[in-house]
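Asker: Take a look at the letters that make up each chain.
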Amino acid sequence: MSVKPFSRFLASKWGIVIIGSVIGIIASILQKLGNPPNMGICVACFQRDIAGALGLHRASVVQYIRPEILGFVLGSMVAAFIFREFKARTGSAPIVRFVLGIFAMIGALTFLGCPWRALLRLAGGDLNAIVGLIGLTIGITIGDQFLKYGYNLGRSYKTYFSAGLIMPVIMAGLLFLAIFSPKFTTNGAIFFSTKGPGALHAPLIISLGASLIIGFLSQRTRFCTMGSIRDVLLIGDPHFIRGIIALIISAFLVNLMLGQVNFGITAQPIAHSNHLWNLLGMVLAGLAFVLAGGCPGRQLVLSGEGDGDASVFVLGMVTGAAFAHNFGLAAKPDKILNGVVYVGGVSSAGMAAVIIGILVCVIIGFTMREKI
Amino acid sequence: MKIDACGLSCPQPVLLTMNAIKDNKLFFEVMVDSNIACENIQRLAENKGYKIQIKKTEKKFHLILTK
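Sequences listed follow chains A and B, in order. Here this note's numbering is used: position 311 in the first sequence is 311, and no number is missing along the way. For this note's numbering, add 1000 to where a residue sits in the second sequence, where the first one is 1.
Honestly, I wouldn't trust all of these hints.
In silico DSS-like cross-links for lysine-lysine, where the CA-CA straight-line distance does not exceed 30 Å [as the list claims (entries may be wrong)]:
| no. | chain 1 | residue 1 | chain 2 | residue 2 |
| --- | --- | --- | --- | --- |
| 1 | B | K1067 | B | K1022 |
| 2 | B | K1067 | A | K4 |
| 3 | B | K1056 | A | K195 |
| 4 | A | K4 | B | K1048 |
| 5 | A | K335 | B | K1055 |
| 6 | B | K1060 | A | K158 |
| 7 | B | K1056 | A | K148 |
| 8 | B | K1060 | A | K4 |
| 9 | B | K1022 | B | K1051 |
| 10 | B | K1060 | A | K87 |
| 11 | B | K1067 | A | K13 |
| 12 | B | K1002 | B | K1055 |
These aren't lab readings, by the way, just hints derived from the structure by calculation.
Assemble the whole structure, with the sequences as input and the hints as a guide.
Answerer: Pasting the structure below:
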């Protein structure tokens, strides 16, 4: 049977609407089935939870091997093999991508979410997400200027087939750890939260199955939140933005049906209402995503296709999560105690890290230009 | 004119094509080595009123754009 018509359909504007809707619907259902509120899917938060489960940070409330991350990579790999797009490649400034991954994560954990979660937070009524999305757009706009003036990280080159399999194999290993939850030492890893967001999760098999579908479809449709905004601003192409709109609408409608919409600004679930740092966190994340060529979800999908450079970005994000929690950089959510709302936000160290991150990204953007 | 965009990650192949379109090139070729870049350039070319012809060799796509 030829797979071409199916492939062409998924690459069309309807394909991108379908993947946006699928992510929105699945995320809202995963939330209903146990994932944290307004966090049916969050690539940054879930990578952070994995870092915690492995003991790379010890924030006891955010430690769990999230099957969604594994599913995105493995689902993408399956699609790449079926459609003959698996290509082991690497060599496009991996150290720069690693650093960009670290700061992308620090920015995302300042806002408390990746672009996917920003959309899902909005679909759940959290209006702080609007500030985050404005920040993301500003970051992408700045990144676009660098692209216009010749920024690029150079070419990648074909590498060994087995090298392209490293990330999927790591994910398969994590799946093994998630299923058997071994304890390597007394009081040691693997860690699983018993309270907090890390303790909230849908059944493993459902999370895994759902994310395999998302990974598969994302590989075929090339869905990328950062790319959708970038393409509108840079080349006036609305193709990918349709997916974003579909994601928000579908997640909102399913949330409405499931009673998961609560409009407001303060004390939204796992969110803070410190607008300046919501904005600046996402400026940093957006800028880092443009310079690295994809949002966190897209980087996972590329990792599944054999892209070693995207894999290094993912590992950078995991490392960034460890720094964010070990150094107290990650934002604290708003909380209500005895009827009093305490607005969360970032520590002084967190603020400094965001500013340093923006400066590092700007230096990377200015200095890594090449005439091709 | 030939543009070699092989190995370049998204959105570089599209940007290089865009630059050629802005320079009012009426006939040029872009070489890429991924389906993704091929699809993106195809979409751009069609939006900008170019005809596009795609030749696939073992490892590369040769996209010939004409107006």
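Asker: All the hints need checking, so say for each whether the structure fits it.
Answerer: Here is how each hint holds up against the structure:
For the given pair, B:K1067 sits about 13 Å from B:K1022 by alpha-carbon distance, which is consistent with the 30 Å threshold. The hinted pair formed by B:K1067 and A:K4 meets the criterion: a straight-line CA distance of about 28 Å does not exceed 30 Å. Restraint check for B:K1056 and A:K195: the C-alpha separation of about 54 Å exceeds 30 Å, so the hint is violated. Straight-line distance between C-alpha atoms of A:K4 and B:K1048 comes to about 25 Å, which keeps the hinted pair within the 30 Å bound.
For the hint pairing A:K335 with B:K1055, the CA-to-CA distance comes to about 59 Å; that exceeds 30 Å, so the pair is violated. Restraint check: the Cα-Cα separation between B:K1060 and A:K158 comes to about 12 Å, which is no more than 30 Å; the hinted pair holds. About 29 Å separates the Cα atoms of B:K1056 and A:K148, which keeps this hinted pair within 30 Å; it holds. Using a Cα cut-off of 30 Å, the hinted pair B:K1060 and A:K4 holds, with the two alpha carbons roughly 18 Å apart.
The suggested pairing of B:K1022 with B:K1051 holds, with an alpha-carbon distance near 16 Å, which does not exceed 30 Å. Between the alpha carbons of B:K1060 and A:K87 the distance comes to roughly 13 Å, so the proposed pair stays at or under 30 Å and holds. Of the supplied pair hints, the one linking B:K1067 and A:K13 holds, its CA atoms being roughly 24 Å apart against a limit of 30 Å. Of the pairs offered as hints, the one joining B:K1002 and B:K1055 holds, with about 14 Å between alpha carbons and a cut-off of 30 Å not exceeded.
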